[in-house]
Each structure stands twice: as C-alpha cells, then as structure tokens.
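Visitor: Sequences listed follow chains A and B, in order.
1 is the number of the first residue of the first sequence in the working numbering; add one for each residue after it.
1 is the number of the first residue of the second sequence in the working numbering; add one for each residue after it.
Read the hints as simulated data drawn from the structure, not as lab findings.
Small disclaimer: the values here were computed from a predicted structure and weren't measured.
Here a beta-carbon is modelled for each residue, glycine too, at the ideal position from N, C-alpha and C.
Check before you lean on any hint, since a few could be wrong.
As the list claims (entries may be wrong) - Taking lysine to aspartate or glutamate and the EDC-like style, the derived pairs with C-alpha atoms no more than 16 Å apart in a straight line are:
| hint | chain 1 | residue 1 | chain 2 | residue 2 |
| --- | --- | --- | --- | --- |
| 1 | B | Lys114 | A | Asp305 |
| 2 | A | Lys501 | A | Asp241 |
| 3 | A | Lys299 | A | Glu347 |
| 4 | A | Lys431 | A | Asp367 |
| 5 | A | Lys265 | A | Glu160 |
| 6 | A | Lys533 | A | Glu229 |
| 7 | B | Lys78 | A | Asp367 |
| 8 | A | Lys512 | A | Glu229 |
| 9 | A | Lys135 | A | Glu160 |
| 10 | A | Lys373 | A | Glu386 |
| 11 | B | Lys114 | A | Asp308 |
| 12 | B | Lys52 | A | Glu88 |
| 13 | A | Lys417 | A | Asp499 |
| 14 | A | Lys553 | A | Asp485 |
| 15 | B | Lys114 | A | Glu229 |
| 16 | A | Lys108 | A | Glu120 |
| 17 | A | Lys233 | A | Glu267 |
| 18 | A | Lys438 | A | Glu347 |
| 19 | A | Lys56 | B | Glu35 |
| 20 | A | Lys56 | B | Glu62 |
| 21 | A | Lys119 | A | Glu142 |
| 22 | A | Lys224 | A | Asp463 |
| 23 | B | Lys83 | A | Asp463 |
| 24 | A | Lys224 | B | Glu62 |
| 25 | B | Lys83 | A | Asp241 |
| 26 | A | Lys107 | A | Glu142 |
| 27 | A | Lys108 | A | Glu160 |
| 28 | A | Lys299 | A | Asp561 |
| 29 | A | Lys512 | A | Asp485 |
Stated by the list, open to error - Partner residues are not named here, just some residues of chain B that face chain A (Cβ under 8 Å, in silico):
| hint | residue |
| --- | --- |
| 30 | Cys12 |
| 31 | Leu32 |
| 32 | Gln49 |
| 33 | Asn60 |
| 34 | Ala61 |
| 35 | Glu62 |
| 36 | Asn66 |
| 37 | Lys69 |
| 38 | Ser75 |
| 39 | Lys78 |
| 40 | Gln106 |
Here is what each chain is made of, one letter per residue.
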Amino acid sequence: MDLFSNDFSSKLRLFSKEGEISKFRIYFIFFVFIGLFSILGVRLFFLTIVPNLTSKTREALNITIPFDVKSRRDIVDRNGELLATNIETASVYANPKIISNPSEAAKKLKTIFPSIDFKELLTKLKSPKSFVWIKRFITPTEHQQINDIGIPGVYFESGERRAYPYAELLSHAIGTVGLDGHGSSGIERAFDNELQYKKSGFKEAPLVLSLDVRVQNIIREELKAAIVEFGAKGGVGIVQDPNNGEVVSVVSLPDFDPYNLSKVKDEALFNKATLGSYELGSVFKPFTIASALDAGKIKLSDVYDVNDPIYLSRYQIKDFYKKDAWLSVPEILMYSSNIGVSQIALELGKKRQYGYLKSFGFLSPIDIEISEKSKPSYPPFARWSELNTITISYGHGISVSPLHITNAMSATINGGKLYPATILKVQKPGKYTQILKKPTSDTMQKLLRLVVQHGAGKRAEVDGYFVGGKTGTSNKVIDGKYSRDLRISSFVGAFPIHDPKYVIYVMLDEPKGTKATSGYATGGWTAAPAVSKIIKRIAMLYNIPPQISDKAKIDSYLHVDYNFRKRVS
Amino acid sequence: MFRKPTFLFCVCFFIASFGTLVLKVYVHNLSLDVERMDVERSRISNEIQVLKAEWSYLNNAERISNLAKQHLGLSQVKSEQVKYINQKNAAISAKMEAESSGDGGQVGTNWRYKSRTGILKIANKKEDDQ
C-alpha cells in the first residue's frame with residue numbers, strides 16, 4: 001500500500017536511477033502480467049464457462065424475417081378435414097430497368113409459364129417502369145425453375161394464397177376469396193368477418209362446418225353420373241340431417257375450379273342449390289297434403305273424383321298418370337294426382353295454404369348462412385287467386401330453391417319441427433318452430449313410404465332402409481312460357497322414413513329420356529335412382545344397418561289402408 | 001493515493017459493470033434465440049399448413065376410391081353384404097306404442113267420397129257447355 005502513497009513523479013525519478021532495482025519496477029511488471037493474465041483468464045472464462053457471454057448476431061443465427069401466414073382462419077369439415085387454408089406462396093415480378101436482354105428473358109419465362117402471352121410479357125419487360133408483375137401465386141416448381149435460370153432483374157415477393165385442397169368438390173359451398181383477401185362468395189363471403197384474424201400471434205380455431213367431404217363426394221359422383229346418363233344441363237344434390245337442420249352435403253353442378261376463375265363460365269358460378277329458384281312440381285304435394293291433414297280439413301279416408309281434368313280459365317289441369325276415376329288421399333300422393341291435390345288445396349283454402357307455406361319457409365329466402373340465396377317467387381296474397389291455390393298445391397306458380405324443399409321435408413317427417421338449415425356443425429339441436437302436429441308428421445312418413453313402395457318413387461327403394469319420398473317433374477319456364485321439352489326432375493326422400501336419419505334431395509336440370517327409361521325423363525325415372533344409389537353408399541359410410549329382421553314390424557307400422565275399392569267390395 | 005474503501009468501491013464498480021455487460025449480452029442472446037425460435041416456429045407452422053393441405057388433397061375420397069379400384073380391385077361394401085345379429089329397433093317399438101294412443105283423427109273410419117264442388121264444379125260445367 002505504501003507504493004500508492006508516493007506521487008507519480010517520484011516514482012519516475014526512482015525509475016531513472018541507473019542500476020537501482022526499484023520497488024516500483026517490480027510492482028509495475030507484476031501488475032502488467034497480472035492484468036494480461038486476468039484478461040486471458042476472463043476471456044477463457046467467457047469462452048469455456050459462460051459461452052453465452054459472446055454476443056450473437058442475426059447473420060450468424062441465419063435469422064431472416066419470416067412471412068407470417070395468418071391473415072385468414074382455416075375452414076374444416078365436420079370431421080376436421082381441411083377445406084380451406086392460407087399457405088405461403090411467391091409471386092414473380094421484374095425490374096425492366098435491370099433486365100439487359102428482355103427478349104431472351106421473355107423466352108425463358110415463357111418456357112416456365114406457357115399460359116402467359118409472349119408479346120404481352122415482352123412489352124412488360126421492355127417498359128420503362130421499375131416494377132412489373134410477371135405472375136402472381138406461382139407453384140414451388142415454377143419458383144425453383146426461375147431460380148435455376150437465374151435472370152437478373154427477376155425477383156420474388158412472398159405472399160399468401162387461399163388453398164382449397166378439395167377444389168371443385170366444395171366450390172359452391174365454400175366459395176372463393178378475392179385478391180384483397182376478403183370472401184367473394186359462399187362461406188368465405190358469409191363468414192368474412194369471422195374468418196379474419198382478430199388477434200396477432202397464434203392461429204385461431206378453424207371454422208367447423210356441418211359438411212362431410214365423404215358424403216359430398218358421394219353426392220357429386222352420383223349426381224354427375226345421373227347428369228351424364230340423362231344428358232342433363234346440371235343438377236343439385238343435398239343431404240340434410242332432419243333432426244337438427246345440419247346440411248351434410250350440398251352440391252350444385254356444374255361447379256368450378258376455384259384456382260382458375262377467369263376461365264369459368266357464368267353458369268358454373270351459379271349455385272343452383274340456394275340461389276336457384278325453380279317451380280319444382282309435385283315435390284310440393286306432400287306439403288299441401290300435410291297442411292290439409294294438420295288443419296283437420298281432410299282425412300286419409302277421403303276419396304276424390306279425379307276422372308276428368310279441371311278446366312280453369314284457359315288452363316287445363318290433368319294428371320300425368322291416370323289411375324282411376326276416384327282416388328283416396330294416400331293414392332293422390334302415391335300416383336301424384338294434380339286433380340286430386342287441387343281439390344285438397346281448395347278445401348284447405350287460400351288463407352290456410354298461405355299460412356302453412358309461410359310456416360314451411362317457402363315465402364322467404366332460405367334461412368342459412370350461405371350468402372347466395374334466392375328470394376322465392378309467388379303471387380302477392382292480395383292477388384292470390386283460386387287458380388294460384390290450385391297450381392301452387394302441386395308446385396307450379398311458386399318458385400323456391402332446392403334447399404327450401406329439403407328443409408321443409410325435414411320438418412314434415414321429423415315430428416313437425418322446422419329447424420333453420422345450417423352449414424355449421426351443431427353441438428346440440430337448436431331452437432325449432434313446431435309447424436305441424438306430431439301425428440301429422442307420423443302420417444306423412446307413412447304416405448311418403450307408400451310413394452316409394454307403390455307409386456312413382458319405386459326406383460328410390462333400398463332394401464332394408466324403408467325409403468320414403470316424393471318425385472317431382474315440372475316444365476321449365478322459358479321466356480314466360482312453359483316449355484314442352486325442357487323440364488326439371490327431382491326426388492326428395494328420407495331414410496329410414498319411420499326414424500329419419502337423413503333427407504336427400506336430387507334435382508336434374510333438363511334431363512332427357514333414354515332407351516332404358518322408355519323416353520321418360522320424370523323425377524321417378526331420373527332422380528329417384530340416383531337417390532337410391534346415394535342412400536346405399538351413405539348408409540354404409542355412417543354404419544346405418546339395413547333393418548331386415550324388423551322388416552315385418554316396420555312394414556306393419558308404416559301400413560296405410562289406401563285401397564277403398566277392396567273395402568267397398 | 002487509493003484507500004481501502006476506494007479500492008473496494010472500484011472493485012465493486014468493476015464487478016457491477018462487468019455483471020451488467022454480461023447480463024446485457026445474455027439478454028441480447030436470449031432475445032435472438034427467441035427470435036430464431038419464432039422464425040423457426042413460423043416456418044414450421046407454414047410447412048405444417050402446406051402439409052395439411054397436401055394431406056387433405058391426398059385424402060380426397062375420389063382419388064382414394066380410384067386408387068383402390070385400380071390397384072387393389074376394391075369396391076364399396078354394399079348393404080346386401082351386411083348382416084346384423086340381434087338387431088333391435090327401439091325407434092319402431094316406441095312409435096308403435098305411441099300409435100296405439102291415437103292417430104290424431106287423421107285416418108278416419110269410413111271412406112268418405114267427395115264430389116267436385118264450388119269453383120271446380122263451375123269450371124268443369126263451363127267446359128262441358130263449350
């Protein structure tokens with residue numbers, strides 16, 4: 001410590017005296033060595049004991065700012081299958097000022113993107129701008145190919161794109177997203193706000209739909225096959241769970257490739273299932289009969305005179321199949337008698353008919369989350385004539401969407417409960433409106449079973465599944481007139497009808513008769529067989545067993561005495 | 001020149017400064033590690049997303065069905081091929097019991113013939129007259 005008490009000049013003097021070993025010199029060298037070894041020691045300590053004390057750099061860690069794909073939530077089906085998601089993708093752009101040989105660059109790019117117009121591309125590359133898009137959303141292979149040819153002045157910009165792994169299969173239901181990242185149709189549009197990320201950071205839960213891609217595939221395959229067989233213009237297939245309103249499948253053909261919208265025809269973009277509005281014909285008859293039964297206006301034992309056509313104004317109302325001069329109520333439905341159901345509708349009356357149609361949901365756009373919905377077309381109540389009452393009773397003079405029919409049929413056979421149709425997975429059945437009495441619904445199950453057992457819907461039958469349903473055929477309205485040759489044929493059915501699990505609707509737009517159908521293109525010949533095939537496949541998929549051992553018991557429960565002739569004789 | 005407290009103060013100051021430096025470097029490195037992991041998480045998350053999309057595409061029922069038919073000669077099980085033992089149908093039993101309590105008066109006991117009346121009668125009469 002004495003050393004530190006002397007001042008520095010005196011130390012220098014001691015140092016300057018020749019031959020004298022000063023204390024200072026020893027201490028000085030000692031401290032220098034101590035200092036140097038301390039530095040080495042500390043450094044060694046840092047490098048060995050505390051390696052983290054070496055400051056790291058972004059470059060050393062290879063940290064580059066990532067492209068965070070999180071601007072839109074995923075959409076999944078009821079089983080968690082991914083239906084829509086955002087994935088990272090690249091877009092190619094160029095800086096023409098840097099490109100030295102535009103024609104050479106254009107040639108090379110043309111080999112990678114054959115769909116690009118060469119002249120347009122060359123003009124872009126020769127432009128005086130410093131930024132031109134070459135192609136948005138390229139594939140990883142194209143990305144690699146551009147990297148391989150290495151054109152100076154051609155760059156990539158990371159971005160994200162909505163991917164639809166099932167492409168056409170769900171194109172109408174899921175819809176599409178525009179370049180601005182907002183939904184432009186289908187679920188994407190209807191749930192645009194919900195699908196946008198609200199929180200940054202981790203991914204939010206996906207939107208879970210009621211759709212099942214497996215069922216969707218079955219419906220699309222069978223519908224496509226029917227369209228090909230009968231040379232139809234298009235078609236609709238819907239499967240709904242009548243016990244909660246869930247739409248398990250909704251197909252509208254033709255459909256479209258969501259990745260290639262520029263080449264899609266307008267007709268393919270049209271969702272016939274919800275946006276289409278059609279006069280659907282005799283599939284309306286069950287609703288007329290259910291209304292009249294529910295209102296207590298008719299009984300199953302009522303028998304009507306259907307011998308002659310009905311002439312009203314300049315219209316003639318006749319039956320497609322003439323069975324007998326008199327038909328009982330079950331037979332009117334079984335043989336799809338326009339004359340019979342017209343009389344039932346008149347007994348029901350205009351006011352009640354209007355009221356029931358309203359409660360079935362036919363007088364307002366269908367209550368579902370999809371944004372493309374049609375407004376039903378029907379005469380205003382003030383101008384609702386008796387002729388309207390008659391024609392509407394068998395599905396003419398009123399236009400509704402196919403989903404209207406499916407949803408109303410669900411309510412007709414599920415105990416009379418009208419659930420709002422939904423495309424979202426239902427955890428437990430929601431609120432419903434009781435539109436028919438339960439006995440009416442039970443009776444309708446039996447009548448619809450008769451149609452498949454003995455009536456026009458025979459071809460929808462699947463052994464062991466007790467299918468019930470109704471056919472429908474209507475002539476299309478072209479330029480305000482009913483066409484003689486163009487028709488819409490459909491079938492709406494449910495299985496098993498006494499304990500309905502699913503309601504299935506198939507509609508064919510402009511089917512043509514074949515040799516196999518003896519030239520007929522009615523719902524019973526065209527749509528009913530498709531429903532039968534669908535039921536066979538869905539039943540196996542959902543492990544619904546055929547009820548063979550209980551057949552007699554179920555047949556006895558579903559039996560309806562319709563043949564008044566036997567009883568008379 | 002340097003007294004003991006001064007010396008101790010210098011040592012403490014040195015230790016504190018050094019400690020702060022060590023802490024700063026440590027925190028800096030940790031934050032870079034977090035950043036790196038975040039980048040990695042984001043990259044993996046993007047990759048998972050792509051894989052999920054590919055998985056969905058590969059799971060396409062139409063594709064699997066075609067492959068099964070083409071390579072394995074498989075076809076879908078038909079309802080005729082299924083047999084159930086001791087099948088009980090609770091739904092039908094409950095319904096039959098409910099049925100015995102009444103049909104809501106919708107069936108009727110005797111056949112009731114309804115001739116055309118009102119507008120229909122008039123309409124057809126007009127046609128007959130023509």
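Visitor: If a hint holds in the structure, say so; if it does not, say that too.
Guide: Each hint, compared with the structure:
This hinted pair checks out: B:Lys114 and A:Asp305 have alpha carbons roughly 7 Å apart, not beyond 16 Å. Distance hint between A:Lys501 and A:Asp241 is fulfilled; the C-alpha atoms sit about 6 Å from each other, no more than 16 Å. A threshold of 16 Å between alpha carbons decides the hint, and for A:Lys299 with A:Glu347 the separation of about 12 Å falls inside it, so the pair holds. Proposed proximity of A:Lys431 and A:Asp367 is supported: the alpha carbons are some 13 Å apart, at most 16 Å.
Straight-line distance between C-alpha atoms of A:Lys265 and A:Glu160 comes to about 26 Å, which puts the hinted pair past the 16 Å bound. Straight-line distance between C-alpha atoms of A:Lys533 and A:Glu229 comes to about 14 Å, which keeps the hinted pair within the 16 Å bound. Of the supplied pair hints, the one linking B:Lys78 and A:Asp367 is violated, its CA atoms being roughly 36 Å apart against a limit of 16 Å. For the suggested pair A:Lys512 and A:Glu229, the alpha carbons sit about 9 Å apart, so the restraint of at most 16 Å is met.
Between the alpha carbons of A:Lys135 and A:Glu160 the distance comes to roughly 14 Å, so the proposed pair stays at or under 16 Å and holds. The straight-line distance between the Cα atoms of A:Lys373 and A:Glu386 is roughly 29 Å, outside the 16 Å bound, and the hint therefore fails. A distance of roughly 14 Å separates the Cα atoms of B:Lys114 and A:Asp308; the hinted pair therefore holds under the 16 Å criterion. At roughly 13 Å between alpha-carbon atoms, B:Lys52 and A:Glu88 fall within 16 Å of each other, so this suggested pair holds.
Restraint check: the Cα-Cα separation between A:Lys417 and A:Asp499 comes to about 14 Å, which is no more than 16 Å; the hinted pair holds. Distance restraint check for A:Lys553 and A:Asp485: the Cα-Cα separation of roughly 44 Å exceeds the 16 Å cut-off, and the hinted pair is therefore not satisfied. Straight-line distance between C-alpha atoms of B:Lys114 and A:Glu229 comes to about 43 Å, which puts the hinted pair past the 16 Å bound. Under the criterion of a C-alpha separation no larger than 16 Å, the hint pairing A:Lys108 with A:Glu120 is consistent with the structure, at around 14 Å.
Taken as a hint, the A:Lys233 and A:Glu267 pair is honoured in the structure, with Cα atoms around 10 Å apart against an allowance of 16 Å. The suggested pairing of A:Lys438 with A:Glu347 is violated, with an alpha-carbon distance near 22 Å, which exceeds 16 Å. Proposed proximity of A:Lys56 and B:Glu35 is supported: the alpha carbons are some 12 Å apart, at most 16 Å. At roughly 52 Å between alpha-carbon atoms, A:Lys56 and B:Glu62 are farther apart than 16 Å, so this suggested pair is violated.
A C-alpha spacing of about 20 Å is found between A:Lys119 and A:Glu142, which places the hinted pair above 16 Å, so the restraint is violated. Using a Cα cut-off of 16 Å, the hinted pair A:Lys224 and A:Asp463 is violated, with the two alpha carbons roughly 24 Å apart. With a CA separation close to 13 Å, the supplied pair B:Lys83 and A:Asp463 stays within the 16 Å bound. At most 16 Å may separate the alpha-carbon atoms for a hinted pair to count; A:Lys224 and B:Glu62 meet this at roughly 13 Å.
The suggested pairing of B:Lys83 with A:Asp241 is violated, with an alpha-carbon distance near 25 Å, which exceeds 16 Å. Under the criterion of a C-alpha separation no larger than 16 Å, the hint pairing A:Lys107 with A:Glu142 is consistent with the structure, at around 15 Å. Between the alpha carbons of A:Lys108 and A:Glu160 the distance comes to roughly 26 Å, so the proposed pair goes past 16 Å and is violated. Proposed proximity of A:Lys299 and A:Asp561 is supported: the alpha carbons are some 12 Å apart, at most 16 Å.
A distance of roughly 9 Å separates the Cα atoms of A:Lys512 and A:Asp485; the hinted pair therefore holds under the 16 Å criterion. A distance limit of 8 Å between C-beta atoms decides the matter here; for B:Cys12 the minimum to chain A is near 17 Å, and the interface restraint is violated. Annotation: interface hint on B:Leu32 holds; nearest CB of chain A at approximately 5 Å, less than 8 Å. Look at B:Gln49: its Cβ gets to within about 5 Å of chain A, closer than 8 Å, so that hint holds up.
Given the 8 Å rule on beta carbons, the hint for B:Asn60 holds: about 6 Å separates it from the nearest Cβ of chain A. Because the smallest distance between the Cβ of B:Ala61 and any Cβ of chain A comes to about 4 Å, under 8 Å, the interface hint for this residue holds. For B:Glu62, the interface hint holds, the least distance from its beta-carbon to any beta-carbon of chain A being 6 Å, beneath 8 Å. This hint is violated: B:Asn66 has a C-beta 11 Å from the nearest C-beta of chain A, more than the 8 Å allowed.
At about 12 Å, the closest approach between the beta carbon of B:Lys69 and any beta carbon in chain A exceeds 8 Å, and the interface hint on this residue is violated. For B:Ser75, the shortest C-beta to C-beta distance to chain A is roughly 11 Å, which exceeds 8 Å, and the interface hint is violated. Checking B:Lys78 against chain A: minimum C-beta separation of about 7 Å stays under 8 Å; hint holds. Restraint check, B:Gln106 versus chain A: the minimum CB separation of about 5 Å is within 8 Å; hint holds.
Checked against the numbered hints given earlier, this structure breaks hints 5, 7, 10, 14, 15, 18, 20, 21, 22, 25, 27, 30, 36, 37, 38; the rest are met.
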